[in-house]
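**Student:** Throw the hints in and build the complete structure from the sequences for me.
Protein sequences appear in the order of chains R and Y.
Under the working numbering, think of the first position of the first sequence as 1, with each following residue one higher.
Under the working numbering, think of the first position of the second sequence as 1001, with each following residue one higher.
These are computed hints drawn from the structure, not numbers from a lab.
None of the hints are false.
Straight-line Cα separation of at most 25 Å, DSS-like style, residue types lysine-lysine; simulated pairs:
hint	chain 1	residue 1	chain 2	residue 2
1	R	Lys450	R	Lys414
2	R	Lys352	Y	Lys1200
3	R	Lys349	R	Lys307
4	Y	Lys1112	R	Lys338
5	R	Lys35	Y	Lys1207
6	Y	Lys1202	R	Lys352
7	R	Lys352	R	Lys334
8	R	Lys352	Y	Lys1112
9	R	Lys450	R	Lys269
10	R	Lys35	R	Lys352
11	Y	Lys1207	R	Lys352
12	Y	Lys1202	R	Lys82
13	Y	Lys1112	R	Lys349
Bear in mind that the values here come from a model prediction, so they are computed numbers and not experimental data.
What follows is each chain in one-letter form.
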Amino acid sequence: MSSATMGFPKGGVHPPEEKELSLGAELVTVTPPKKVIVPVTQHLGRPSAVVVNRGDEVVVGQVLAEATGPVSAAVHSPVSGKVLKIADGAVIGADRVPVIEIMNNGEDTGLDAFVQKTVSWKDKSSFLDWIRDAGVVGLGGATFPTHIKLMPPKDATVHTLIINGCECEPYLTADDTLMQWKPAEVLAGCCIMAGVLGISRILIGIEDNKPRAIEAMTVAAREGTYASFFDGDVPSFDVQVHALKTRYPQGAEKQLIDALIHRKVGAGKLPFTAGVVVQNSGTAYAAFEAVAARKPLIDRVMTVTGKGVEKPGNFLVRIGTPISEVVNAAGGAKENLKAIIAGGPMMGKSVKTLELPVVKGTSGVLLLTGEEIEEYRERECIRCGRCVEACPVNLVPCDVAAFAEFRQWDRAGKAMECVECGCCQYVCPANRYLVLYNRLAKYHWRRLQK
Amino acid sequence: MVILKAAIFLALLAGFLSVVLVLVSKKFAVKEDPLVGDVEEALPQYNCGACGFPGCAGFAKYLVESRDPGALCVPGGPDLQKKLAALLGMEVKAATPTVAHVFCKGTNSKAKQDGEYFGIQDCVAADLINAAPKSCPFGCLGLGSCVEACAFDALHVVDGIAEVIEENCVACGACVKACPRDLISMIPQGPRVVVECRSKDKGAGVKRYCEVGCITCQLCVKKCPENAIALTDDIIVIDFEKCTLCGTCIEVCPQNTILPAHFVPEKKEEPKEGTA
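**Tutor:** Written out as structure tokens, the structure is:
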């Protein structure tokens, strides 16, 4: 292990971590609900196409919607039962997208088919297809189809697989819990993805506020426990676990690459250009399940936390479960609940209701009380420059905001480089809505380019 | 003496330079069609951009050079069309006089609200983060992006929805482009009947969040004697050309979504039932 001060060079913030709220409790498996709501599209890329009809009987893991192109992902049934309807429904971040409602018959027919077997390394050429067919997408939140990232362009030379176990968002502990719970499986998933890429170097980056996850992963890497999942000619892997400085946004792809291998990936460029592929630790586990058990992505680990919930913790939840059911499993919401945020506090989306389904990209839900949130109105920019210092991608957020505020869209093109991490808004003493201004500028800039 | 010398020198210099200037201006004169100036003067000088050019000057130049019969200055209205036709000596398409219309009547009291939004006071911003205070995913956000886009003070937000002040509207279409929910369209001026809702939700959904939303019951479609009403793309649309302003749809609409504008529909005698 290297020194604990590895980190990205510029910008970032360190908000109160608040991770102890949900840490420590056992990982609870949430009973699949009576009715699941499965959005047809749960990834970045082309929308999937529905292949079931209303009234169809489906089993666990049956394909509900097929991928419609290379950059697309299939969606599988998380329960067995009957398709109630295919209609438009609300999801996190959108009011109307096509969703499939399934009445659960409670029998979980078809779940027995996904038994974990020893992975023969001879099947290596099929790994990628299995990962694709399982509908695995990036579980850190961006939900980019995983198999695309595992197919670097021919002219790129990839030498390193970076596994993102940073979980730099405050409050969230889902990846942390997963790495403590199944370190060998996560590592086996990493090896599978490295095998697909044909490389042996795996770097795992974890923020140093997760000592137990670092410990578990280091032990698993040292003792090579993951090797027991494989047979055949397994190549040797050079797995290194690195503790990184706890600083948001350490888990942002480009910041992580910079921290681990000191390479910069320019704006609009992909990690391939630096010879790396970055995958989330949760994605590694999903890839392991896809290959070892041929199990599609039908459940995920998510955090339910905040002072507005009785028993914060981490939950293994089927995709499509209404968030309210997960909250019930966490003892229910408290009366002084003030705000609900899907995702982390820095980049998550504020939602109005708990009746939205858990999707592949839902890493957590925060139920916050008045104690934890501050209501404010923005005031005038005082040109203090703190946002400039905090920006990890070298923007001048106050300027972009000024261009956006005064409708000078043609000058606000720099906004396109913004990763919307929220550091600028976090440090702004005038409480300017800097991220929203950036998004507004992006929207209008795209319209101007048309 | 010195002052005289200086004066004479300056006078000579000025005379010489003026000759140079005259020659240069003759030599490098830019020949501009005098028509361009005339056409520009005839245009309304709003510089609204409805024609697709940054201002009236650009449009005038284009019109004179291309003689494009399809080019249209909507805010100028039919009078301008005649003037331009006379100036250019060509057929100029007459624009039907139109006016902007906001297809939503879900005021703060009629449409349910289920949140509070205090971010940037701009419809696009609120829509981007899906944080509109109103529950209806199709309704007017009431934050006034169209008001800001309008250079003619023809839009105001009243009780949570944008309303058009028709006297001020020149039909430039800036508000149509500004609305993130595509709620504003150009419709013919004058008396008309309009379905004041563009929700694509089904009836039960609409009833949950709006008292005056269209529940697509299609009673109006069935009752219209002129077959002027149709369900197109989940929205009820009235064909203004076919509509005879009979007012049948206004009466049958259970949600009072269909409203008359600029005329009072005749009240029909309610057929009395079961009185005998």
